[in-house]
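Residue numbers (our numbering), protein chains in the order written: chain Z, 1 to 151; chain S, 1 to 203.
Hints were generated in silico from the structure; no laboratory data involved.
Don't take each hint at face value.
What the hints assert, rightly or not - Residues from chain S that keep clear of chain Z, each with C-beta distances beyond 10 Å, as calculated: (1) Glu11; (2) Arg40; (3) Glu62; (4) Ala118; (5) Val125; (6) Arg135; (7) Thr143; (8) Ala152; (9) Leu158; (10) Asp159; (11) Met160; (12) Gly163; (13) His183.
To be verified - If you want the ones that stay clear, here's a sample from chain S, every Cβ over 12 Å from chain Z, calculated: (14) Gly16; (15) Ser30; (16) Asp45; (17) Ala49.
Said to hold, decoys possible - Just a few of them, taken from the derived set where beta-carbon distance is under 10 Å, the chain Z residues facing chain S: (18) Asp4; (19) Leu7; (20) Arg10; (21) Glu13; (22) Ser32; (23) Ile46; (24) Ser50; (25) Thr51; (26) Val75; (27) Val77; (28) Glu102; (29) Gly127; (30) Ser131; (31) Arg135; (32) Trp148.
Quick reminder that beta carbons are idealized off the backbone N, C-alpha and C, glycines included.
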Amino acid sequence: MADDDRLVDRLREVIDATDPPPQRLIDVAKASLAWRTVDAELAELISDSSTEPALAVRSAGEAPRLLTFTAGDTVVVLEVTREAGAHRVMGQIVAPGAATVEVRHSDGVVSVTTDPDGRFRAAPVAGGPISVSCRFDDGVRPAVVTSWVSI
Amino acid sequence: MADLSVSELVEAASRGDQLAWDRLVDDHASLVWAVVRSHRLHGGDAEDAFQSTWLRLVENLERLVHPERLAAWLVTTAKRECLRLLRRGGTELPDVHIADRADDAAPAAPGPAEAFLAHEEQVEVLRAYQRLEPRCQDLLRLTVAVADPRYADVAAELDMPVGSVGPTRQRCLQHLRRLMRDHEDGATDDSSTADVHRRTGRR
């Protein structure tokens, strides 16, 4: 119906003019292609303490948020704590192996190495979406990158 | 680039083609934003949901089973991101960082949104739209943001059967038109629209 089409066009103009997606966010979205990882296995989030009711109530204070990701035989556990306006991420890779870990966040990347038990600590990490990539020193085990999660 | 299909753009972007990716973002940004707004997210949460949706697409570019149905995938993903943020909402403590970022994602106009509209007719449409019930606002906003005339992705977002989107949209448009007409018949006080015309120099 031509009348409807015209009204819909008007409405589109009105919405585009009054509440468009902010240009800054569009630019960030365009830049996010740089986070593409071609040679790593994706570790999916399998548990998040902030969405478990019992824990969420208890952790209303300053208790850390626990996030668990798995890819094949590799498990990545992250413990996120608020710290002076940003966050601290403590992590553990299971099965352990010496690795270079990158915590990728909205303001950049924090690069650290694990201890022999697969533990690492990264700070400061900005709030918003983060993802952690682990490249193992042995050069055999495939790299793992966690799915993005908002902290 | 102009004549590439969505699947071809997805394929090119998955190989790292920045131009193809930019095009995908430009073509679907309004749709993702419409989903975020339909969950009443604002400020830092709106920004997070929008950003997370695109990051999720980057990590899944090579895994999309139906790249030609990207719009539907984005709607489903954005919705999931919004729900995830809302579920966390209760335990979220406001912090300085989020307050900083909130400015960027606030509604476009700090004052009346009408200041951004050049024509009186657009102001009438906006006023009527704002008086619609929320579900109609969401549905209309989503349908104007998608190219697909079957509205399969809109149906997914609103948990409606695909077949009922078209008729509901029709009803919402009628309602919108009625609200515009009521306004014309009733309050004919034009001082506020004159005010809008004075302010249109802003953009």
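Structure-based check of all given hints:
no., hint, in the structure
1, Glu11, "holds, 13 Å"
2, Arg40, "holds, 13 Å"
3, Glu62, "violated, 8 Å"
4, Ala118, "violated, 8 Å"
5, Val125, "violated, 5 Å"
6, Arg135, "holds, 16 Å"
7, Thr143, "violated, 8 Å"
8, Ala152, "holds, 18 Å"
9, Leu158, "holds, 17 Å"
10, Asp159, "holds, 21 Å"
11, Met160, "holds, 18 Å"
12, Gly163, "holds, 18 Å"
13, His183, "holds, 14 Å"
14, Gly16, "violated, 6 Å"
15, Ser30, "violated, 6 Å"
16, Asp45, "violated, 9 Å"
17, Ala49, "violated, 8 Å"
18, Asp4, "holds, 5 Å"
19, Leu7, "holds, 6 Å"
20, Arg10, "holds, 5 Å"
21, Glu13, "holds, 6 Å"
22, Ser32, "holds, 5 Å"
23, Ile46, "violated, 14 Å"
24, Ser50, "holds, 5 Å"
25, Thr51, "holds, 5 Å"
26, Val75, "violated, 18 Å"
27, Val77, "violated, 19 Å"
28, Glu102, "violated, 14 Å"
29, Gly127, "holds, 5 Å"
30, Ser131, "holds, 7 Å"
31, Arg135, "violated, 16 Å"
32, Trp148, "holds, 4 Å"
Hint check: violations occur at hints 3, 4, 5, 7, 14, 15, 16, 17, 23, 26, 27, 28, 31; the rest are consistent with the structure.
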